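Asks: Work the whole structure out from these sequences, hints included.
Residue numbers (the numbering used here), protein chains in the order written: chain A, 824 to 1117; chain B, 1117 to 1314.
The set of hints was computed from the structure by calculation and includes no laboratory data.
Any given hint could turn out to be false.
[What the hints assert, rightly or not] Straight-line alpha carbon distances no greater than 25 angstroms define the calculated SDA-like cross-link-like pairs of lysine to any residue that follow:
{"#": "1", "chain 1": "B", "residue 1": "K1312", "chain 2": "B", "residue 2": "D1252"}
{"#": "2", "chain 1": "A", "residue 1": "K1036", "chain 2": "B", "residue 2": "D1176"}
{"#": "3", "chain 1": "A", "residue 1": "K981", "chain 2": "B", "residue 2": "D1235"}
{"#": "4", "chain 1": "A", "residue 1": "K981", "chain 2": "A", "residue 2": "F1057"}
{"#": "5", "chain 1": "A", "residue 1": "K913", "chain 2": "B", "residue 2": "V1130"}
{"#": "6", "chain 1": "B", "residue 1": "K1263", "chain 2": "A", "residue 2": "S1049"}
{"#": "7", "chain 1": "A", "residue 1": "K1036", "chain 2": "B", "residue 2": "E1178"}
{"#": "8", "chain 1": "B", "residue 1": "K1263", "chain 2": "A", "residue 2": "T938"}
{"#": "9", "chain 1": "A", "residue 1": "K913", "chain 2": "B", "residue 2": "D1128"}
{"#": "10", "chain 1": "A", "residue 1": "K913", "chain 2": "B", "residue 2": "L1131"}
{"#": "11", "chain 1": "A", "residue 1": "K1015", "chain 2": "A", "residue 2": "D1051"}
{"#": "12", "chain 1": "B", "residue 1": "K1263", "chain 2": "A", "residue 2": "P1025"}
{"#": "13", "chain 1": "A", "residue 1": "K1036", "chain 2": "B", "residue 2": "Q1231"}
{"#": "14", "chain 1": "B", "residue 1": "K1312", "chain 2": "A", "residue 2": "G1004"}
{"#": "15", "chain 1": "B", "residue 1": "K1263", "chain 2": "A", "residue 2": "S1046"}
{"#": "16", "chain 1": "B", "residue 1": "K1312", "chain 2": "A", "residue 2": "S1046"}
{"#": "17", "chain 1": "B", "residue 1": "K1263", "chain 2": "A", "residue 2": "N943"}
{"#": "18", "chain 1": "A", "residue 1": "K1036", "chain 2": "B", "residue 2": "F1288"}
{"#": "19", "chain 1": "B", "residue 1": "K1263", "chain 2": "A", "residue 2": "G1004"}
As the structure is a prediction and not an experimental result, all values here were calculated from the model.
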Amino acid sequence: MSAMPEISYNFAYLDEQTKRMIRRAILKAIAIPGYQVPFAAREMPMPYGWGTGGVQVTAAVLGPDDVLKVIDQGADDTTNAVAIRGFFEKTAGVATTTATTEASIIQTRHRIPETALTENQILVYQVPIPEPLRFLEPRETETRQLHALAEYGLMHVKLYEDIARHGHIATTYAYPVEVAGRYVMDPSPIPKFDNPKMDDCPALQLFGAGREKRIYAIPPYTSVRSLDFEDHPFKVQRFAKPCALCAATGVYLDEVILDDRGGRMFVCSDTDFCNDRQEQGHRGEMAAPAGEAA
Amino acid sequence: MQTQELARGFADPVLEAQGVFRAAMWALSRPGQPQELTVDLVPPAPLSPEAAALALALCDYETPVFLDAALAAERAVADFLRFHTGAPITEDPGEARFAIIASPMELRGFSAFAQGSPDFPDASTTLILQVAGFADHGFMLEGPGIKGRIGFGATPLPGDFPAWMAANRALFPRGIDLLLAGAGQVAGLPRSVAIKGA
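Replies: Pasting the structure below:
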């Protein structure tokens, strides 16, 4: 037998039959890009909403040579990310990293890293509600049929109502996409800023929804188009100022409240990307001067 | 009573199954680009080591397995698969989740296998085809997972194979998916792939 971690769980926690079931779902998901494959999600030692779907997909895919990175809203150091990283260190004994470029599997909650992904990487998304039509049509039997018929008029009506009410498409996250010209898919609650990164991405993208028991996938180099209208083309968020710590532009920024008098700063949501830039000497307007500890 | 020694399965079921699955996963993610498949199995002939590894990694009591005539003729093959995977062996290709084809030249098309339904296109058969080797020419492939287009070939494949693939693509999102295994490699041809001439 190969080296097992000290705690007597099976490698990567899940039993082998569960892994096979998830693996079969992943293979079908890859063969039908954007289609939600039902799977028998197990209860995990963490509550629903904390990434049970992503964790199960990662556990089924993970091997002893993998290097795992886990991010929560772009950050490597938040509770969810730290807990899941620790979970796999304990149950699978795999190496972990915070560097996007060193990771072979990246499990993510609600962000795609700023650093471009490569062909040998797997991005695993944690998905709360996989059905893009769910808030428009609550019945599973109906949404299933709408997907079968590729009847997505409802979604366009929703986006149109945005325009009628707000003058522009006001959906800013979980922005619906059409995958490989067929299925409309929920990209999980990533900001729409990240949607263009999904298109023609060299990495394999896997999506796991634990409570809703669905797995779906986007193979590498697959067209992912954000839904829009000819006269209201899809646009991503823009930020007025660069990152206050690393001065990066063209990246997704988080707003950080500094005091109770309206003080605020905008910083990179991708902590690994931001730290890298600061180490390279980039300084934003609120960064500590070079040489001083942050 | 005569007893025959049963060929052994994976030496390390957990990690070998993971390795084989990863090869199959990348094979379907990169259609027509054979992936390395390291196998240390000596299954009963005519079941090939590569096909046996895929079956051991992916099949269990939930997945009825169909065997083609060449494999069904050897009782040891069904015994081997039943013992190591627990999968029921079915004679009805329409209810098979996996079908193992040792003689691709004897294949008469894909239509007898489960195609999935419009509501559940994932409920279709995955065919594991035993081949002797792969080539980077034969026909051109396009589709998800392929940057631009690539050449792909495998031997032996029946002459009607491209026509069956085109008919399978026309059914999308329904349709069967193929894993071609042989020569220490596995290549995937998911239903999403389009064959564009020779």
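Asks: Run the distance test for A:K1036 versus B:F1288: straight-line Cα separation, threshold 25 angstroms.
Replies: Status holds; Cα separation ~23 angstroms.
Asks: Given the hinted pair A:K1036 and B:E1178, is their alpha-carbon gap at most 25 angstroms?
Replies: Given that 25 angstroms is the threshold and the Cα spacing comes to 17 angstroms, the pair holds.
Asks: Would you mind confirming whether the straight-line C-alpha gap from B:K1263 to A:S1046 stays at or under 25 angstroms?
Replies: OK: B:K1263 and A:S1046 at ~11 angstroms, within 25 angstroms.
Asks: Below or equal to 25 angstroms on CA atoms is what counts here, so check B:K1312 against A:G1004.
Replies: Since the Cα atoms of B:K1312 and A:G1004 sit roughly 18 angstroms apart, the hinted pair holds (cutoff 25 angstroms).
Asks: Is the hinted pair B:K1263 and A:P1025 satisfied, with a Cα-Cα distance of at most 25 angstroms?
Replies: Roughly 9 angstroms between the alpha carbons, so the hint for B:K1263 and A:P1025 holds.
Asks: Checking one constraint from the list: CA of A:K981 to CA of B:D1235, max 25 angstroms. Satisfied?
Replies: 23 angstroms, holds
Asks: For the pair supplied as a hint, B:K1263 and A:S1049, confirm whether the alpha-carbon distance does not exceed 25 angstroms.
Replies: 20 angstroms, holds
Asks: Take the C-alpha atoms of A:K913 and B:L1131, compute the straight-line distance between them, and say whether it is at most 25 angstroms.
Replies: 17 angstroms, holds
Asks: Quick one, are A:K1036 and B:D1176 close enough, alpha carbons at most 25 angstroms?
Replies: 20 angstroms, holds
Asks: If you draw a straight line from the CA of B:K1312 to the CA of B:D1252, is it 25 angstroms or shorter?
Replies: 14 angstroms, holds
Asks: CA of B:K1312 to CA of A:S1046, is that 25 angstroms or under?
Replies: 18 angstroms, holds
Asks: Check the hint pairing A:K913 with B:V1130 against an upper bound of 25 angstroms on the C-alpha distance.
Replies: 17 angstroms, holds
Violation of the numbered hints given earlier is absent; every hint is satisfied by the structure.
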